[in-house]
Amino acid sequence: SAVISQKPSRDICQRGTSLTIQCQVDSQVTMMFWYRQQPGQSLTLIATANQGSEATYESGFVIDKFPISRPNLTFSTLTVSNMSPEDSSIYLCSVHRGGETQYFGPGTRLLVL
Amino acid sequence: QKEVEQDPGPLSVPEGAIVSLNCTYSNSAFQYFMWYRQYSRKGPELLMYTYSSGNKEDGRFTAQVDKSSKYISLFIRDSQPSDSATYLCAIDGSSNTGKLIFGQGTTLQVKP
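Each protein sequence line maps, in turn, to chains X and R. Start counting the first sequence at 1; every next residue gets the next number (the working numbering). Start counting the second sequence at 114; every next residue gets the next number (the working numbering).
What the hints contain is simulated information worked out from the structure, not anything from laboratory work. In this text, all values refer to a predicted model and were calculated from it rather than measured experimentally. Among these hints, one or two may not hold up.
Interface residues of chain R toward chain X, partial, derived using beta-carbon atoms under 7 Å [stated by the list, open to error]:
{"hint": "1", "residue": "Pro127"}
{"hint": "2", "residue": "Pro157"}
{"hint": "3", "residue": "Gln217"}
Every residue gets a Cβ at the ideal spot worked out from N, C-alpha and C, and that includes glycine.
Please model the complete structure; the sequences and the hints are all you need to start from.
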């Protein structure tokens, strides 16, 4: 299994500001992802965090809004930039080790006022 | 049309009931199917993982994939109050790379 921690667990932010969310995994993983879960909605993949290169973003998500860093195989950050109330969501980090092993962190609950 | 569709419920059953949760999907090329359970204020937890068609059983849980109908199911036998959670179907849209497409989730309440 994989133990994933996220910081902060929750935050309340003002519009126009930015928040950086951290994801720490207890062992090295190649594939790491960031998902968003908007209120009452399911999870949507934001991007794949690639170690040593730029993140790969899904349709509808851009680097300027959601810059991602992946400095090593156990850590990644997602920044939500220039926030608006529409960015109020749960942001989840996920790791995949192939086959039946895909794990999610506990999530970061973000409320933008 | 959404790639994965799931009835959001909510679904309320008495303890001991058999629960049936279902999703449909649009792309016949999908091969990897999952069910996650998410308790309130927690991250999703992988329950069942199925490759291609067929059934997979784990304790009280059975996952079923019907590729001809593009239909996936999760059955819970002898449901318990501790099964009360949101159940999400998920499909790996890129051949086991971890890039998942989720259904909307079904909220289940099992009443004692």
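Structure versus earlier hints, numbers of those that do not hold, lowest first: 1
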